[in-house]
Amino acid sequence: MTKVSRRSMLKGGAAFAAGTTLGAPMIWAQNIKDVTLRQFGTGVSNLNDVANKVKEDLGFTLEMTALDSDSVTQRAATQPNSFDIADIEYWICKKVWPTGNLQAMDTSKIKNYDKIVGIFRNGKLNPDSVIAQGTAPHSVGFTEGPDGKGFVDNESGWMTLIPTIYNADTLGIRPDLIGRPINNWSELLNPEFKGKASILDISSIGIMDMAMVVESMGEYTYPDKGNMTREEIDLTMKIFTEAKKNGQFRAFWKSFDESVNLMASGEVVIQSMWSPAITAVKAKGVECVYQPLEEGYRSWGGGIGLSASLTGLERDAAYEYINWYLDGWVGGYLMRQGYYSAVPETSKNYMSENEWGYWFEGKAATDTILSPTGDALAQAGEVRDGGSFQDRMGAVACWNAVMDENQYMVRKWNEFIAA
Amino acid sequence: MALPIMAVLVFFLILPIIMIVTVSFWQATEFSIIPAFDLENYEFLFGSNVTYRVFFNTFKYAFITWVFTLGIGFTVAYFLAFHVRTLTWQIVLFLLCTIPFWTSNIIRMISWIPFLGRNGIANSTLISWGVIDEPLDWLLFSDFAVILAFVHLYTLFMVVPIFNTMMRIDKSLIEAARDAGASGAQILWNVIIPLTKPGIMIGTIFVITLVMGDFITVRFMSGSQSANVGRLISNDIALLAYPSASATAVVLLLTVLIVIGIMLRFVDIRKEL
Amino acid sequence: MEPRSRSFYVLSAFFALFLLFLYGPTITIAILSFQGPNGGLTFPMRGTSLHWFRDLFEQQAVGDIWGSFRRSFALGLMVMVTTVVLSVMGGLAFRKRFKGSSILFYLIITSLVIPSILISLGVGLIFSQSGLDVHWSTSGFGSQLTWTLPFGLLIMLAVFNRFDKSYEEAARDLGASSWQTLRHVVLPIIGPSLIGVALFGFTLSYDEFARTLLTSGSYNTLPLEIFGMTTNVTTPVLYALGTLTTVFSLIVIAVFLCLALWSTRRKARAGSDAGKGML
Numbered sequence: 001m002t003k004v005s006r007r008s009m010l011k012g013g014a015a016f017a018a019g020t021t022l023g024a025p026m027i028w029a030q031n032i033k034d035v036t037l038r039q040f041g042t043g044v045s046n047l048n049d050v051a052n053k054v055k056e057d058l059g060f061t062l063e064m065t066a067l068d069s070d071s072v073t074q075r076a077a078t079q080p081n082s083f084d085i086a087d088i089e090y091w092i093c094k095k096v097w098p099t100g101n102l103q104a105m106d107t108s109k110i111k112n113y114d115k116i117v118g119i120f121r122n123g124k125l126n127p128d129s130v131i132a133q134g135t136a137p138h139s140v141g142f143t144e145g146p147d148g149k150g151f152v153d154n155e156s157g158w159m160t161l162i163p164t165i166y167n168a169d170t171l172g173i174r175p176d177l178i179g180r181p182i183n184n185w186s187e188l189l190n191p192e193f194k195g196k197a198s199i200l201d202i203s204s205i206g207i208m209d210m211a212m213v214v215e216s217m218g219e220y221t222y223p224d225k226g227n228m229t230r231e232e233i234d235l236t237m238k239i240f241t242e243a244k245k246n247g248q249f250r251a252f253w254k255s256f257d258e259s260v261n262l263m264a265s266g267e268v269v270i271q272s273m274w275s276p277a278i279t280a281v282k283a284k285g286v287e288c289v290y291q292p293l294e295e296g297y298r299s300w301g302g303g304i305g306l307s308a309s310l311t312g313l314e315r316d317a318a319y320e321y322i323n324w325y326l327d328g329w330v331g332g333y334l335m336r337q338g339y340y341s342a343v344p345e346t347s348k349n350y351m352s353e354n355e356w357g358y359w360f361e362g363k364a365a366t367d368t369i370l371s372p373t374g375d376a377l378a379q380a381g382e383v384r385d386g387g388s389f390q391d392r393m394g395a396v397a398c399w400n401a402v403m404d405e406n407q408y409m410v411r412k413w414n415e416f417i418a419a
Numbered sequence: 001m002a003l004p005i006m007a008v009l010v011f012f013l014i015l016p017i018i019m020i021v022t023v024s025f026w027q028a029t030e031f032s033i034i035p036a037f038d039l040e041n042y043e044f045l046f047g048s049n050v051t052y053r054v055f056f057n058t059f060k061y062a063f064i065t066w067v068f069t070l071g072i073g074f075t076v077a078y079f080l081a082f083h084v085r086t087l088t089w090q091i092v093l094f095l096l097c098t099i100p101f102w103t104s105n106i107i108r109m110i111s112w113i114p115f116l117g118r119n120g121i122a123n124s125t126l127i128s129w130g131v132i133d134e135p136l137d138w139l140l141f142s143d144f145a146v147i148l149a150f151v152h153l154y155t156l157f158m159v160v161p162i163f164n165t166m167m168r169i170d171k172s173l174i175e176a177a178r179d180a181g182a183s184g185a186q187i188l189w190n191v192i193i194p195l196t197k198p199g200i201m202i203g204t205i206f207v208i209t210l211v212m213g214d215f216i217t218v219r220f221m222s223g224s225q226s227a228n229v230g231r232l233i234s235n236d237i238a239l240l241a242y243p244s245a246s247a248t249a250v251v252l253l254l255t256v257l258i259v260i261g262i263m264l265r266f267v268d269i270r271k272e273l
Numbered sequence: 001m002e003p004r005s006r007s008f009y010v011l012s013a014f015f016a017l018f019l020l021f022l023y024g025p026t027i028t029i030a031i032l033s034f035q036g037p038n039g040g041l042t043f044p045m046r047g048t049s050l051h052w053f054r055d056l057f058e059q060q061a062v063g064d065i066w067g068s069f070r071r072s073f074a075l076g077l078m079v080m081v082t083t084v085v086l087s088v089m090g091g092l093a094f095r096k097r098f099k100g101s102s103i104l105f106y107l108i109i110t111s112l113v114i115p116s117i118l119i120s121l122g123v124g125l126i127f128s129q130s131g132l133d134v135h136w137s138t139s140g141f142g143s144q145l146t147w148t149l150p151f152g153l154l155i156m157l158a159v160f161n162r163f164d165k166s167y168e169e170a171a172r173d174l175g176a177s178s179w180q181t182l183r184h185v186v187l188p189i190i191g192p193s194l195i196g197v198a199l200f201g202f203t204l205s206y207d208e209f210a211r212t213l214l215t216s217g218s219y220n221t222l223p224l225e226i227f228g229m230t231t232n233v234t235t236p237v238l239y240a241l242g243t244l245t246t247v248f249s250l251i252v253i254a255v256f257l258c259l260a261l262w263s264t265r266r267k268a269r270a271g272s273d274a275g276k277g278m279l
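Chains as they are written, first to last, in our numbering: chain A, 1 to 419; chain B, 1 to 273; chain C, 1 to 279.
Extracted from the complex, chain A is given alone in its bound form:
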């Protein structure tokens, strides 16, 4: 109850601040300490370390709630009053944006907007890059104006999400238990790994992993993996349902930590995996490789969205937070976990030369590489799996996707899990 009254009081304070233009910054600086913003998202980036640093640098309170991808989608779509800031992935944005629960953000207020990598602005890493299949972030990253409900494919000045984090995903393997090189996605269904493979149970991501495998097996080449027809969905599911019935999979996982446990305990030796999961397995002293594959990577990106109900002082605080987010400290923190920051050049200021060389430039480490929590991840001389930023993000074959036939796909996915 106290919180409600404090929040409504703040809104009053904001109106006052807006009324006294010149004196505003002073009042603003005083008031902002009392602001509390509620952020939710996946465990990937909803870190308490970030909230602590926000309190230290900006003075206001950030409340973090970490959920799995499905719950995140659910809350963003159905409970707009339960959050101020949504930390979501771009494919989730494609589902949530039309509900009107998020508000468009003015890029002119984003200090580092011009430094954001091309992937999030025009879809191209380099001017001559080809845009990968699937729900590419730039395609759902802009809307027509402050009240836009749709997506536009140019830099309109109004963003749906401010990009923060992204990565190129591939299969994780236990080299010590496999004992031979792995070069293709098709290895996931290789009978050699019967009962020792796993795939993630999040339909929008899993279907793309499946598509990579199907293409790699030579069973079928999709005109567009990111937008399958019903027949293509049926075909993909059929191949995987058969594999499942033959006992190919040990388990399915839903959050990245489950994949860590499966891998670290040796239940599974090859599976779809996310970068920090590899990091976590290695931190336990278990050998694990994020194997680059010939067919390329399946990529994803996430960003920060503002609740439609956010106004006044709180919205100002949220913009302040976003600018701070892109300013490098968080970027460096995320990069040292193996993700990429949307504005790599600011993150560089918060990383040592050795760290920057290892994580971004794909150089051999000159000294031990530590995670943000202090675990040793690599020794001097080691090189990051997959190499440099350009090598990895340049080899993206597809993005996590929400298709036109999404509802059909989801039902088929449910049947696959239940089969």
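Worth flagging that the hints you see were computed from the coordinates, not collected in a lab. Any given hint might turn out to be false.
Stated by the list, open to error - DSS-like, lysine-lysine: derived pairs with alpha carbons at most 30 Å apart:
hint : chain 1 : residue 1 : chain 2 : residue 2
1    : B       : LYS197    : C       : LYS165
2    : B       : LYS60     : A       : LYS245
3    : A       : LYS194    : B       : LYS60
4    : A       : LYS244    : A       : LYS194
5    : B       : LYS171    : C       : LYS165
6    : C       : LYS96     : B       : LYS197
7    : C       : LYS99     : B       : LYS271
8    : A       : LYS194    : A       : LYS254
9    : B       : LYS60     : A       : LYS254
10   : A       : LYS244    : B       : LYS271
11   : C       : LYS99     : B       : LYS171
12   : B       : LYS271    : C       : LYS165
13   : A       : LYS238    : B       : LYS60
Stated by the list, open to error - Facing chain A, a subset of chain C residues (Cβ under 7 Å, in silico):
hint : residue
14   : SER128
15   : ASP133
16   : SER218
By construction, the Cβ of each residue, glycine as well, lies at the ideal position given by its N, Cα and C atoms.
The hints should help you fit chains B and C onto chain A, whose structure is shown.
What follows is chains B and C alone, placed relative to chain A:
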């Protein structure tokens, strides 16, 4: 006097059921649900053979779990009620059975994972004894693991009501039977079991409904590889497909109520309390 | 005493095995919670230390264990008090036939057997469709009551089934008002069972997962937090929490047992004071 309890049930039991039934006829898009009258959810549900397999699975889990919990629960209750002689010991041993019940269900469930895993205690023990050469994969992430966890979680719900009815059996009846020359087995079969029937029925109702409504044990213990009806519903909920979740929920509710309705024919709960 | 039969020893062995089965996993995680700082969720053990218990009291990378513990504790107390009060009222009402009593009884049974996730789904839908915000202390609270009230009421029905009405008649004959009879005769007699109802109410709520899943809103209760941790945590801190919750449950039981013991003692003493009047 009964008004407050009635009010709670109206708001949090009857209204939700009405809501679920209503929504089961609605339509859904990616992100919202639209009021409509549409049988599509039911058509899809009954049109997919996965549904039948999942319902079969649910009954299978319920039945096997029931057999094991009944066998174990009855034996334990019988031991406590007729072979432990002092009340103090009965209470002490009974409490000993209930203590694990107070730890979070989820923690108790996942604690099987390090026990049953490929490199878990069970496998390494069996290997060191020379019983097996290769780790047994079916110990974890299998139907075996699911049922083991169910039995572990719910046997107590069988022990308590059976123990309760056994304690109320007049000991002189048993002595009378013995004096009349009945053997131990005959006493068990002709005196104790018939008199314990109400407790068995109550325990059965508990176990069956808990297993049929479960969705989390199956997910954890099968490594997401098997499904029961509860998981079908929770998957749909996770994907915001509320109408189709509701349709499945309606069918599940009817199934459970029919099963329980049949059981209540055999026992008058109010009289037996 | 007659000598123990052979079946006694067979059954004792069976009982011992049953206990081992019940406690096995709890012991497994208790052992694993004492791992060294590099420990994982599975065997083999990686060192031994108290690291994860200390870790539990520090801030986690994600989530808020102690906040959710406080919420669960508060919610447990709310549910406990409500369950006790409403069950006693319901139990008293059921002593006479009243209009709708059999409907209410079947509703209670339905409430007991309905799969938890249906309550969660239904209540969640009602709140979202009517534009209300779900919160653990409103929608979560109500949803949990549908689970604890059947237990409470059924226990009260059992108690009143065996209640000797002559005590009340005696009180009335001595000129006690119906409130006085309730306060000084009925409640003291059913007191120990009320402790049972309270214990049920608290622990069923404290441990409830499915009914709170879609009805707790922005802030997690402890079981939801634990569920979140199983997907977000890869360290034995989860097991340390499990070990601590077991210890905590033991303390709660011990407290309630002492209360029950104390109240029976007091009643026994009060019984010997018979004749001094009830005021």
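*Below or equal to 30 Å on CA atoms is what counts here, so check LYS171 of chain B against LYS165 of chain C.*
holds (26 Å)
_So if I understand the rule, the pair passes when the alpha-carbon distance is 30 Å or less; does LYS271 of chain B with LYS165 of chain C pass?_
Roughly 17 Å separates the two Cα atoms, so the pair holds.
*Regarding the pair LYS60 of chain B and LYS254 of chain A, is the alpha-carbon distance no greater than 30 Å?*
Roughly 26 Å between the alpha carbons, so the hint for LYS60 of chain B and LYS254 of chain A holds.
_Hinted pair LYS244 of chain A and LYS271 of chain B, Cα distance within 30 Å_ = Status violated; Cα separation ~50 Å.
*Holds or violated: are the alpha carbons of LYS60 of chain B and LYS245 of chain A at most 30 Å from each other?*
holds (19 Å)
*Taking 30 Å as the top limit, are the C-alpha atoms of LYS99 of chain C and LYS271 of chain B close enough?*
holds (19 Å)
*Taking only the CA atoms, is the gap from LYS238 of chain A to LYS60 of chain B under or equal to 30 Å?*
holds (26 Å)
*Are LYS194 of chain A and LYS254 of chain A close enough, with their CA atoms no more than 30 Å apart?*
holds (20 Å)
*Does the structure keep LYS194 of chain A and LYS60 of chain B at a Cα separation of 30 Å or less?*
Judged against 30 Å, a Cα distance of about 26 Å means the pair holds.
_Tell me if the straight-line CA distance from LYS96 of chain C to LYS197 of chain B falls inside 30 Å._
holds (27 Å)
*Sort out whether LYS171 of chain B lies within 30 Å of LYS99 of chain C, counting only the CA atoms.*
violated (39 Å)
*Taking only the CA atoms, is the gap from LYS244 of chain A to LYS194 of chain A under or equal to 30 Å?*
Within the cut-off at roughly 10 Å; holds.
The structure fails hints 10, 11 (numbered hints given earlier, in ascending order).
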